[in-house]
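Sequences and hints are given; from them, build the entire structure.
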Amino acid sequence: MKVVVLGVGNTLLTDEAIGVRAVEALQQRYRLPPEVNVIDGGTAGMELLESLEDLDQLVIVDCVRVGQPPATVIRRIDDEVPAFFRTKISPHQIGISDVLAALTLRERFPQRLALIGIQPKDLDTGIELTPEVAATIPEVLALVVEELARVGVKVVEKA
Amino acid sequence: MSKRVTIDPVTRIEGHLRVDVEVDGGKVKKAWSSGQMWRGVENILIGRDPRDAWAITQRICGVCTTVHAIASVRAVENALKLEIPVNAQYIRNLIMLAHAIHDHIVHFYHLSALDWVDVVSATKADPAKAASLAQSLSSWSGNSVQEFKKVQDKIKGFVASGQLGIFTNGYWGHPAMKLPPEVNLLAVVHYLQALEVQRYANKIVTVLGSKSPHIQNVAVGGVANPLALDSQSVLTVERLLAVKEWIDKLDDFVKNVYLVDVAAIGAFYADWTTHGRGIVDYLSVPDVPLDGKGTQFAMPGGHIANGDVSTFKAIKTFDDKYFADGVSEAVKHSWYDYSSGNDKSLHPYKGETTPKYTDFQDDGKYSWLKSPSFYGKPMQVGPLANVLTMFAAGHEPTKKYATAALDLVSNIAKTKVGIDALHSTIGRHAARAVRCAVVQDELVKQWDLLLANMGKGDLKTFNKPVFPKGEQMGVGFHEAPRGVLSHWVVIQDGKIKNYQCVVPSTWNAAPRNEKDAPGAYEACLVGNPIADPEKPLEVLRTVHSFDPCIACAIHVIDEEHTEIVKVKAA
Chain A
1 MKVVVLGVGN
11 TLLTDEAIGV
21 RAVEALQQRY
31 RLPPEVNVID
41 GGTAGMELLE
51 SLEDLDQLVI
61 VDCVRVGQPP
71 ATVIRRIDDE
81 VPAFFRTKIS
91 PHQIGISDVL
101 AALTLRERFP
111 QRLALIGIQP
121 KDLDTGIELT
131 PEVAATIPEV
141 LALVVEELAR
151 VGVKVVEKA
Chain B
1 MSKRVTIDPV
11 TRIEGHLRVD
21 VEVDGGKVKK
31 AWSSGQMWRG
41 VENILIGRDP
51 RDAWAITQRI
61 CGVCTTVHAI
71 ASVRAVENAL
81 KLEIPVNAQY
91 IRNLIMLAHA
101 IHDHIVHFYH
111 LSALDWVDVV
121 SATKADPAKA
131 ASLAQSLSSW
141 SGNSVQEFKK
151 VQDKIKGFVA
161 SGQLGIFTNG
171 YWGHPAMKLP
181 PEVNLLAVVH
191 YLQALEVQRY
201 ANKIVTVLGS
211 KSPHIQNVAV
221 GGVANPLALD
231 SQSVLTVERL
241 LAVKEWIDKL
251 DDFVKNVYLV
261 DVAAIGAFYA
271 DWTTHGRGIV
281 DYLSVPDVPL
291 DGKGTQFAMP
301 GGHIANGDVS
311 TFKAIKTFDD
321 KYFADGVSEA
331 VKHSWYDYSS
341 GNDKSLHPYK
351 GETTPKYTDF
361 QDDGKYSWLK
371 SPSFYGKPMQ
381 VGPLANVLTM
391 FAAGHEPTKK
401 YATAALDLVS
411 NIAKTKVGID
421 ALHSTIGRHA
431 ARAVRCAVVQ
441 DELVKQWDLL
451 LANMGKGDLK
461 TFNKPVFPKG
471 EQMGVGFHEA
481 PRGVLSHWVV
491 IQDGKIKNYQ
501 CVVPSTWNAA
511 PRNEKDAPGA
521 YEACLVGNPI
531 ADPEKPLEVL
541 RTVHSFDPCI
551 ACAIHVIDEE
561 HTEIVKVKAA
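Protein chains in written order, with full-length UniProt numbering: chain A, 1 to 159; chain B, 1 to 570.
The set of hints was computed from the structure by calculation and includes no laboratory data.
We put the CB at the ideal spot given by N, CA and C, even for glycine.
Incorrect hints may have been included.
[As the list claims (entries may be wrong)] Chain B regions said to be covered by chain A (calculated; three or more residues, Cβ under 8 Å):
#, segment
1, 40-53
2, 97-110
3, 194-204
4, 207-214
Shown next, in the form of structure tokens:
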């Protein structure tokens, strides 16, 4: 079993950091089995390719703009995810969508895929999350834990 | 009748760049380059501990993490006049060089080759002919007929199912696409192999930098890698031997595939040696320091005026006044306001980052990028500047690979192609490949130097910094994959008082400066042919040849838009 929980986002742009901050919290609050690899992907692209090859499951946590009120948390699964990343008009072109496409080309795409997305409130320059978005972390982590359970990975909250 | 074409955003780059061109008679007459994101990261740093700046600045951008970390610690060390252990230089050099190889390979194959290579045409190639062409050019083991056939079948499958994925944005069948199907197939095969090979460069960065994509081992004063000849959990000879294996795998690909492909593709696009000349004032800095102080470098750098290599003036040390005094930034055409007025440029130590947004004004302010100058003139930076300055400095490996690449182009094109051809759009790709081969050789040398020094019993990697009272100023420069990167820091009583990053893409993608002189993209686009204003592939070719990276990298995914890029021809 090989599972990755990947947090992405720019930690200098306020709520853009939510993906990174959420996976940091995951590591702090939960005891994770060795088959789960947690990656702070920042805004990286192709550098992530190797860590994401041949996974049983990939869970991506990212800031998303889906026309919902700030701090709304959404979940997309499997086929919905690459389509989601492909249609974006993000200025960050060579990020996750290209890595997913490269995994397809190399026939090393994850068996299961989930995206946990959080609608931002503020994207100005700054290294702290807004309180509203910071408050979504327990909900985000609960969804991550649920996704891990989907492939039979059990995690325990630290005492 | 002139036509205005707006590309917003330019795709397959990091960050948000808008390019406008005025087209008349099938050619670009005038161009504007506009950074569409505000990067106020410098303001975050004010008041912080200078020892933390590198970790914050490496988050500016997803592509350029390590380069900002390196420039930042160099700036603080320069301010403190702090010498670092030579092992720390070697380890940093290995990381920088491996990162550069990764960047150059990914840029050529994955971010720009599809401007020149038609994937759909590759499905029509004769795989045997394509393989035999590839074998006639190089001894690379991945050039077998079986491999070519396998890749072609795979691509046919993707095309048939409409799942082009990574290839979706290509201008297939565009009149400016000139490669025969066999050469297209050759490039696509190597595109896929490059995905495999880039991983080795990344592994080197990960092992030496303790983590990827964001390295963790850099520190003001050296590196945080404890060295040991045998102990676990530190950088041991055993782990360094694994690094050497990856270095060797990269070597084979860089010299037998990348350099050869650029020459072969370049030979078919010989007309592009006459487009994209633009600014031929070049700036590059020396890098790969060989001593703790930064007074000797394996790769030279300096300034070249008017495209004439005989004007070369060297930048010699980390304390070089000629470099430090020459840089300034203007905001006459940028969405910022200087407290002293916008008609004069400011030295980075005095730099200000106060936003002042107006609309896009052709003759006024139109970009979030500032406009840097070197002694009042806009410069072109990047691998072409680097290769030309190293060539001018008499750097033997550069001369060797530049000559080899130009000879190969001449053989394929059956006409003599000289170094002047490098002042062009396709020349920037060739220069990048030449630089990559030079960097590759240097990577091997730095590995040898580190091992030899450890063998002498020197395992020191860190000198503790001491922050005195009062004010210190320092600059850290680095010849990054996209060109000259400099960080400028003012420290007051141990805290950051001012911080400015002058990044390569600011030099190249700059708007007009305080004297209304255009930036490198703007100048290089003038004269470019445009076959179809609705599909301005030629503009992308020239802009992509710089490897743009508008270092601000916002990363919001947007479900509401389905349009990938807006091209407006009016």
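To see whether the hints hold, each was checked on the structure:
Restraint check on the segment 40-53 of chain B versus chain A: 4 residues with Cβ-Cβ distances below 8 Å, three needed, restraint holds. Here's how the segment 97-110 of chain B fares: 3 of its residues keep a CB closer than 8 Å to some CB of chain A, so the rule of at least three is met and the hint holds. Counting residues of the segment 194-204 of chain B whose beta carbon lies closer than 8 Å to any beta carbon of chain A gives 6, which meets the minimum of three for the stated coverage. Counting residues of the segment 207-214 of chain B whose beta-carbon sits less than 8 Å from any beta-carbon of chain A gives 3, enough to reach three: the coverage restraint holds.
In terms of the numbered hints stated before, the structure departs from none.
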